[in-house]
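Enquirer: For reference, the chains in residue letters:
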Amino acid sequence: MQLALFIIVAIFTIGGALGVVATRNVVHAALFLLLSLLGAAGAYLLLFAEFLALVQVLIYGGAVTIVVLFAVMLTRSSEYPRITDNRQWPLGLITALVLSSVLGAAFWLTPADADAERKAPVFTDLASSLFTKWALPFEIASLVLLVALIGAIIIARQQNVVVTDDTSPEGED
Amino acid sequence: MSFLIDLAWSALGLAVMFAVLSVVVLSMVWLERKALGRLQLRYGPTRTGPFGLMQPIADAVKLILKEDIIPEDSEKAIFWIAPVIVVVSAFVIWVTIPGGDGVFIKNLPLGLFYIIAFAVIGILGLVLAGWGSANKYGIMGGLRSAAQLISYEIPVVLVAAAVAILAQSLDMREIVAAQSSYPYLVVLPLGLVIFFIAGLAEVGRTPFDIYHAESEVVGGPFVEYSGAHWSVFFLAEYINTFAIAALTALLFLGGWGGPALPDVVWFLFKTYAVVLVVFWVRGTFPRLRIDQLMAFAWKVMVPLSFYTVIIAAAYRFYALPWWSLTLMSLVGLAVAGWIIYRRMTAPARRVVQIQERLAAQRRATSTSRT
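Heads up: the sequence lines are chains W and X, in that order.
In terms of the working numbering, the first sequence has 77 at position 77, counting the first letter as 1, and numbering is strictly consecutive.
Every number in the working numbering is 173 more than the matching position in the second sequence, counting from 1.
In short, the hints are calculated from the structure, not lab data.
Quick caveat, the model's predicted, so the values are computed rather than measured.
Treat the hints with caution; some may be incorrect.
[Said to hold, decoys possible] In silico negatives: residues of chain X with every beta carbon more than 10 angstroms from chain W:
#1 Ala290
#2 Ile312
#3 Gly315
[Said to hold, decoys possible] Taking CB as the label site, the calculated pair distances span:
#4 W:Leu47 <-> X:Phe479: 27 to 35 angstroms
#5 X:Leu503 <-> W:Ile150: 44 to 52 angstroms
#6 W:Leu109 <-> X:Gly431: 56 to 64 angstroms
#7 W:Leu47 <-> X:Trp182: 18 to 26 angstroms
#8 X:Trp182 <-> W:Gly92: 28 to 36 angstroms
#9 X:Ser175 <-> W:Asn25: 41 to 49 angstroms
#10 X:Phe479 <-> W:Phe107: 50 to 58 angstroms
#11 W:Ile150 <-> X:Tyr491: 24 to 32 angstroms
#12 X:Val524 <-> W:Arg24: 30 to 38 angstroms
#13 W:Arg24 <-> X:Arg489: 47 to 55 angstroms
Note that CB positions come from ideal geometry on N, CA and C, so glycine has one too.
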């Protein structure tokens with residue numbers, strides 16, 4: 001039963017991932033990406049990680065895919081062939097190989113805990129370990145996000161100054 | 174075998190949910206027509222049945238019998254799948270929204286988070302609908318919907334997190350049970366206001382219906398949709414409105430808690446009361462402009478929702494008395510009110526400023542001439 005579900009989820013994930021790289025249309029690629037990410041959420045669900053699955057749906061399935069689509073729609077449709085047909089595929093291949101070998105090594109070298117009881121970790125346990133044991137990595141991650149956010153604001157503001165300099169001498173409110 | 178029985182029960186539950194929600198949508202269409210009519214000093218539907226009760230059925234028949242036009246240049250696959258994504262995300266969140274103490278299909282321990290996660294997927298359907306219909310207005314509307322809905326998602330999520338902090342649970346039943354002594358409306362009025370406003374923006378009801386405003390983007394993502402396809406979006410919008418009303422009732426108004434009457438009746442009473450407020454707002458307020466809408470989201474709603482989370486966490490952590498939370502929440506509400514007041518009177522102040530400057534200039538020129 002579980003194997004059958006896992007095969008379905010795996011087909012969605014891998015098929016979606018193949019679709020992302022195979023399709024010529026960027027919007028279709030974004031949709032395939034959604035399929036792949038939701039497949040990963042399904043895999044988390046099969047591992048009893050409900051909270052992680054929901055986070056995957058909220059962050060990757062919802063927000064990230066929408067932002068990708070948003071960016072795609074701001075580009076012109078005549079640019080699509082140039083976006084999809086790039087020459088970086090050898091580099092991409094190397095990156096993919098390195099990443100999968102690192103992940104594979106991590107998978108093989110971690111001793112499998114066969115006796116571990118299969119049950120959903122309660123999300124309050126997750127929260128307390130995140131804010132006590134892993135507080136520093138958590139804070140560093142949020143700091144990185146904050147830096148990215150401020151950087152984005154600065155880039156946007158610089159362009160804004162150029163535009164509004166001569167058009168509205170009255171200024172905002 | 175037990176798996177098959179589970180599956181059959183789930184299918185039955187989903188069928189019942191679909192039937193109940195269809196009736197709810199019909200009732201809301203009638204209620205909206207009547208309520209808006211009364212607000213605009215007219216009667217609303219009167220000819221179809223007693224009090225016009227048959228009007229939503231006539232509307233539904235009209236919508237389904239309309240010709241369903243699919244534009245030649247549209248991306249057929251995306252044009253088809255977009256309404257499906259929207260309506261599925263509208264329906265799946267109802268799996269865990271309880272309508273009473275034992276009235277739900279599946280109670281999830283992460284219920285509130287599940288509702289928020291799957292509601293976001295619906296935005297994707299709107300963006301795809303706009304893009305797939307190969308129409309400039311459609312794309313503009315799709316972009317606007319993505320920007321608006323993502324921005325207003327943040328206050329909704331943060332206020333829901335504040336409620337979860339207060340109740341110490343994401344389980345909808347436990348959240349309602351935690352409000353047995355007093356509803357969170359009493360301690361978190363700011364949260365209620367933010368949740369209601371951001372919820373209105375999430376479902377695109379009138380002061381925030383910018384992404385499908387007729388006078389600006391001619392229907393936005395729905396511009397090329399007609400007949401049955403369009404009615405699917407319509408259905409999803411009403412179900413989402415009802416979901417926001419139900420969540421407001423569950424998170425802030427004490428859910429199904431109430432004296433004497435059975436809990437389902439209390440739940441429906443509170444939810445329909447919130448729905449009526451939604452219609453009232455629609456009949457009262459003019460539409461915002463897109464830049465005002467985004468500025469309001471990021472400059473007012475998001476900081477205030479962060480404030481809500483912080484005061485809720487501080488209240489929990491230091492075990493403060495409940496009235497201190499009310500007080501802190503009211504301070505936030507007063508700040509919000511002051512910002513909105515300043516914003517609304519800004520044009521008048523600017524007129525006064527410009528008049529003074531012109532008067533000063535006139536005086537300067539008259540003195541220089543003499």
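Enquirer: Any hints this thing doesn't respect? Which numbers, in order?
Expert: Hints 1, 2, 3, 5, 8, 10, 12 are the ones this structure does not satisfy, whereas the remaining hints hold.
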